[in-house]
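Work the whole structure out from these sequences, hints included.
Sequence lines, in order, name chains A and B.
Using the numbering used here, the first residue of the first sequence is number 1, and each one after it goes up by one.
Using the numbering used here, the first residue of the second sequence is number 1001, and each one after it goes up by one.
Note that these hints are calculated values from the structure, not bench results.
A quick note: this is a predicted structure, and the numbers were derived from the prediction, not measured.
It is possible that part of the hints are untrue.
Claimed, not checked - Think about it this way: if two alpha-carbon atoms lie no more than 30 Å apart in a straight line, the pair counts; the simulated BS3-like pairs of lysine-lysine are:
hint: 1; chain 1: B; residue 1: 1092; chain 2: B; residue 2: 1165
hint: 2; chain 1: A; residue 1: 154; chain 2: A; residue 2: 12
hint: 3; chain 1: A; residue 1: 140; chain 2: B; residue 2: 1092
hint: 4; chain 1: B; residue 1: 1092; chain 2: A; residue 2: 127
hint: 5; chain 1: B; residue 1: 1092; chain 2: B; residue 2: 1006
hint: 6; chain 1: B; residue 1: 1006; chain 2: A; residue 2: 140
Claimed, not checked - Per the computed footprint, the stretches of chain A lying under chain B, defined by three or more beta-carbons under 8 Å from a beta-carbon of chain B, are:
hint: 7; stretch: 18 to 30
hint: 8; stretch: 48 to 55
hint: 9; stretch: 64 to 78
hint: 10; stretch: 99 to 107
Glycine is no exception: its CB is placed at the ideal position from the N, C-alpha and C atoms.
Here's the letter readout for the chains.
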Amino acid sequence: MHAIEARQLVRKFGDFVAVAGVEFEVRQGEVFGFLGPNGAGKSTTINMLCTMMRPTSGTAVINGHDVVARPDLVRQSIGIIFQDASLDDRLTGLENLRFHAMLYDIPRETFAARSKELLAMVDLTDKAGEQVRTYSGGMKRRLEIARGLLHHPKVLFLDEPTIGLDPQTRRHIWQYLMKLRQQEGVTMFMTTHYMEEAEHCDRIAVIDHGTIVALDTPENLKGLVGGDIITVRTSDDVRAAARLKAAKGADTRPGPDGQLIVETTNGDRFIPVLIEALANDDPPIAVESIGLSRPTLEDVFIKLTGHAIRASEADATQPLRQMARMWTGGRR
Amino acid sequence: MRRNLKGAYTIWYRDVIRFSRDRPRIIAALAQPMLYLFVFGTGLGSAMSGSPAGAVDFRQFMFPGTLAMTVLFTAIFSAISIVWDREFGFLKEVMVAPVSRTAVALGKVAGGATVAMFQGVVALLLAPVVGVKLSIDQIASIVGLMLLLATVMTSFGILIAARQKSMEGFQMMMNFLLMPMFFLSGAFFPLRGVPPWMAVLATVDPVTYGVDSLRQVVLRRSLSAEMLGALTVHPMVTNVVVMALLSVAFVVPAVWQFGRQD
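See the structure below:
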């Protein structure tokens, strides 16, 4: 049984088709990413999978339960980390967890042990007694992750889990996510428009205008746009080019400011081979500098869709978000 | 069932905890009625000293109106807060929990109503300041009436907010619904001897019944029965029955609207 199975999932808003028949499976224990720009249909898909929104047509099965027929069982088996913090700022960290336990009807003793374990995992044991409004953005996110796991969900949904966090915090969050993957073996389904983040996934579905345009491992997706690029500067580029062709059968081309460019499939393995080939020539050719660049998922995205992932823009929900901040953040 | 009761309780409990921790809000609950009572009430009171209504202390007359005002605005604000709380707040987490929408909505009505009642109790502390003396049984009745009015207004607010997805409707509602409801309720002037059109509007205004009943209880010992009768419009029983019926009439569609799924 797959953790998630989506079949011809469609969602329309009036005439606008937000999700146009997406179809995929997520295996047990897999980290699965939905990569696409804002408005591509990522959040709509996640909302349908989480029983927050009814599909216009098609089916989705989570942990063996149909999202339309048995939303209660689906909700029981999933945990969700929302794009916007859904913690109550006036409650302490532990109280936020306790309220979650009450909503999921977790017995008191189970809660005591489980909350302790999770707070330790996300390094919030010391802050658990303080009100959430004193937390940093990264701490809030970690608390949400702990909360999402409290009821032992089979599938954890993460909607843009690191949006709005600085790069260092983002890295930390990922360390926690990888740790919990090891410890809990939970299946993760995430949406993101950060390329670096998508790299952590086992498989990625690239989504644009409500359709999945590609679905594969990050490595294979990058294979779609060609090989790695090695840029090398030597003491004698003409001889170097001839030597590489003769010894290794590698084609080279001149770079923009007098380097040699070699395109190959496994750049990291080819670098030592290249250096050795040049050093063993007679007389040896000196390597002055060497660089390796690999295709990024950004390149993949551009190749597949013909446009770059747009940066996050303020949308229509912005004023509402502001009210939310006033309400939850309170007056300070 | 057990799970849903626990869910509704959780939502109610959250509102109560939030209130108890929000000291600025508690102080604000005192500041606004004070402003009305001492600036508005004193000014208008001396201007009206010649008229029949001027025979009573105008600030005492207004006091039940300010209680109703506190309850009304707190209740509506609680209800409105579900709009953004559901999109970006704690309520979003509640909506994906295995708890029925009905339980969530009922918990929210209970929570909003309780908090509004608490705010009203805080405003009640001003009674000695305006010279209104209250006995224990009067206070008990006032608390009960405030809870009833709060329930009516919270469910009314949720009914309006349940399908709302943005804040645009919020200002509209404040200007075209809430303020007229408040002004027509007789909070700051007696509804005896007003033009017929206003009397009709006041009759369909739910807040009228809250103000009227609160005034009868609050001023029971300060004014003669005859004087009180001249300043109020409905028998006590009518007020209570109408509010009870209205709370059911609002809660049922509110829960239904809230439970509808996209």
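Here is what the structure says about each hint:
1. 1092/B x 1165/B: 13 Å, holds
2. 154/A x 12/A: Since the Cα atoms of residue 154/A and residue 12/A sit roughly 28 Å apart, the hinted pair holds (cutoff 30 Å).
3. 140/A x 1092/B: Judged against 30 Å, a Cα distance of about 16 Å means the pair holds.
4. 1092/B x 127/A: 24 Å, holds
5. 1092/B x 1006/B: Satisfied, since the Cα-Cα distance of roughly 17 Å is no more than 30 Å.
6. 1006/B x 140/A: 25 Å, holds
7. 18 to 30: Violated, because only 0 residues of the stretch 18 to 30 of chain A bring their Cβ atoms closer than 8 Å to Cβ atoms of chain B.
8. 48 to 55: Coverage by chain B holds here, the residue count being 5 at a Cβ distance below 8 Å.
9. 64 to 78: holds (count 4)
10. 99 to 107: Holds, because 6 residues of the stretch 99 to 107 of chain A bring their Cβ atoms closer than 8 Å to Cβ atoms of chain B.
Hint check: a violation occurs at hint 7 only; the rest are consistent with the structure.
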